[in-house]
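A.B. asks: Top line first, the protein sequences correspond to chains A and B.
In this text, residue positions in the first sequence follow the working numbering: the first is 1, and each later residue adds one.
In this text, residue positions in the second sequence follow the working numbering: the first is 1001, and each later residue adds one.
Treat each hint with caution, since some may be false.
[Unchecked claim] Below, a sample of chain B positions facing chain A; criterion: calculated Cβ distance under 7 Å: (1) 1024; (2) 1026; (3) 1029; (4) 1182; (5) 1197; (6) 1412.
Hints listed in this document are in silico derivations from the structure and should not be mistaken for laboratory results.
We put the beta carbon where it would ideally sit given N, CA and C, even for glycine.
Listed below are the residues making up each chain.
Number of protein chains: 2
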Amino acid sequence: MPQAAPIAAVAARLRSALPTGAVIDDPTQLATYDCDGLLHYRVSPALVVLAKSADDVQLAVRACVEHDVPFVARGSGTGLSGGALPHADGVLIVMSGFREIRAVSPRDQRAVVDPGVINLAVSQRTRPDGYYFAPDPSSQQICTIGGNVAENSGGAHCLKYGFTATHVLSAEVVTPDGERTMLGTTAPDAPGYDVLGAFVGSEGTLGIATEVTVRLLRNPQSVQTFLAGFADCNAAGAAVSAIIGAGIVPAAIEMMDALAIEAAEAAVSCNYPPGAGGVLVVELDGPEHEVEAELAAAEHHCREAGAFEIRVAANDTERQAIWRGRKSAFAAVGRISPDYIVQDGVIPRTALPEVLRQMGELAAERGVRVANVFHAGDGNLHPLVLFDEQVPGQGDAAEDASGAILDLCLAHGGSITGEHGVGSDKAKHMPKMFTEDDLDTMQLVRCAFDPQGISNPGKVFPTPRLCGEVPGKRKAAHPAQQAGLGEVF
Amino acid sequence: MPQAAPIAAVAARLRSALPTGAVIDDPTQLATYDCDGLLHYRVSPALVVLAKSADDVQLAVRACVEHDVPFVARGSGTGLSGGALPHADGVLIVMSGFREIRAVSPRDQRAVVDPGVINLAVSQRTRPDGYYFAPDPSSQQICTIGGNVAENSGGAHCLKYGFTATHVLSAEVVTPDGERTMLGTTAPDAPGYDVLGAFVGSEGTLGIATEVTVRLLRNPQSVQTFLAGFADCNAAGAAVSAIIGAGIVPAAIEMMDALAIEAAEAAVSCNYPPGAGGVLVVELDGPEHEVEAELAAAEHHCREAGAFEIRVAANDTERQAIWRGRKSAFAAVGRISPDYIVQDGVIPRTALPEVLRQMGELAAERGVRVANVFHAGDGNLHPLVLFDEQVPGQGDAAEDASGAILDLCLAHGGSITGEHGVGSDKAKHMPKMFTEDDLDTMQLVRCAFDPQGISNPGKVFPTPRLCGEVPGKRKAAHPAQQAGLGEVF
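For reference, chain A alone in the conformation it holds in the complex (with noise of 0.2 Å):
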């Protein structure tokens, strides 16, 4: 690993091209940089860049590169799996400061956006044309874009409009051996391997955007968002399998089970059916002969599967209403649990009335609760382990409770993340879900861009490996990874 000549070299060449203040290294400022989103992770790195342009992105890699130095990027640190976690040797490249709409072009419904633009900066840009940028995580009024290309970020909406891969068109990209290149075309059906589509979700590990251009979708002529209370989770359960399995796709079915909906009341009186076990926000958006019609038939399904009461939002404030109880529901689990652990994890949405079982079972066997919140629509979970850390051994439970959920989503035939990522906190978790040969292959690609293990190293995959290791068993028809290249990761 790096000592601390490299890294003072580092911030020699940075210092020497940088404005005054855009190279940090006093321990203090450096602190406030140690953690993103998931708090409990903390490591300070040994240098932070506050980057402005391209040029300095692909500066900071190249002094990095020279002297085998560690990078990670970093956005506006919201991500919830430590996916922006310093590097104790490293440089922290931070993108906030990076942050024009370049260009806005309605007629093609595209824009172009740096790295650091807010995810919400993009719609409330493009909404007056008629446009939006469909992605919406929870943190979209801080997120960037640059971190929602690193996590593949969803939302709320994915279930319909799908995750960030899907809005993202090309990318510029400083790859982690300094070069700058173009991923993707704006071109549509573009021949070629679709790399883009490879480095999108790749969490800084195969370099860093240094220029978006996303999709832009038309604003809908029509929104319908009902709120429906049902006796349980199963009864709400089975009124989305009724509504999807009719070939109806809301723009959004979010499900929130009694806990969550306790959670919410407590904090922003959001006023949901009284005794609901379980309550659904059903949007629908599209043509608005479309939407009058799915309307119909989602209410139907819904009353079918037993909903006792039915709210459709008669305006905007009403709408805003109905999701505010939603949106608040994990800042207010905290007014109903001293701790918290937001888990994500999917499983397939048929599983869901059995998952939803055992995870209380589980919960219960090692005295902690779950609160729900999740994308029910795609088998997207968000369970909330509540505990307490001043009651001894509660914070162990805890952990233990929300590892043993993911087990429960694999088991089912899920998924270890839906949209947080994997980062520092689940590299532990992937060997559950691929093999090592599936591991292997990816490592191709990632020892393809990074021989020296240097771009957001210790994130995503669970063993440090020597790229001349990997992958060991293909070595002897690989002579191109028998030397012994780069560096631990």
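Given the structure of chain A, go ahead and fit chain B onto it with the hints provided.
C.D. replies: This is chain B only, laid out in the frame that chain A set:
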């Protein structure tokens, strides 16, 4: 390049392990494999292997790796870009006998199939259960799923449902070094690199799929199809823009111009609206209420744009009659022209009128005619350049017009291929669409998977390179690529 000895060694190895008749080296038999659907490139392979299993494929690839012999996989040979054109010194691995549907799981909306399974066979098998496989290339009665994966095949209904990449969940692959690995996962929203996304559409250059798990869609509750006749293609194009602009996403919108209509009438008497200079075939599918509302809106937009006749199919027989003209159009062109070239390009939908005008001009300048049949909704043109080989100079003029059409697509921000792939035919056009830097980045992936350059060499990429040279300017930073590895390809 490999000489006779390596091929003889490969043949001996394969004969020792495979049943009689599975290894072919008789020149007359080899000649029957000398082209795919693009008839004007012809190369006989040095050896043919009829593979029936993943073991057979792996055996063949391993033998090729050991003796440094190129290999090419071939399904039904329906490709239109010479992607399955054999290598004169190489092995052609014929996959069409490797064709069992291994498992169908309607509840999970997926099926596991061998690569040699015929596209249409999947839907024939699953339709009674209420499901189908969406990608529908016009060759779907004969083309294979493995070929669809290699080419990321599209079809008339890909406007709404997306190309093959959207419908493949995972694939077992024999990589160019002879290993077997799984790309993708059936778990929703899986983390890690989307290597499967890069593999789909890689046209055989990253390995051979030996098992494919495809996504099944539910049969739509309702389908409505109509034919609209317009004075010319500009009016028809305006209707397309109005329909899409209104937020309606039809299952298909196909357009034919006067010459294509004439050809179809001559061949199958499809009784299209007399006097039409442009027709649209519009198909809407989904929940019944939604389709009814969309049908009314789409008809309205067509009339507003000047449709003088609209014929809605009252039943399945009438629907098939409407499609018959469209589907026969390519072959039908033989009725009005002794020879023709099928081109495949993409333009932004908004550029349609201008591109059609200029295409007419460039054809007239060269003394040839162009008939247009295309997927209007996504701007995927299939111009048919008509000529008579017997007339001196017409063959060259047609080739020249065909190339000029691609340049026209590129000048309007389009692509050199929509769904036929790059293959042998369009590799030379890749530098018009991608910078050397873009292509270098793709080569990073290529060399990671295929350092010997033996997997379908000569396809997709324009310039033969040593993997040790790729990417040239990155040498300093990528010690892995300095070793002078691999063969020219």
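A.B. asks: Broken hints, numbered, in rising order?
C.D. replies: 1, 2, 3 and 6
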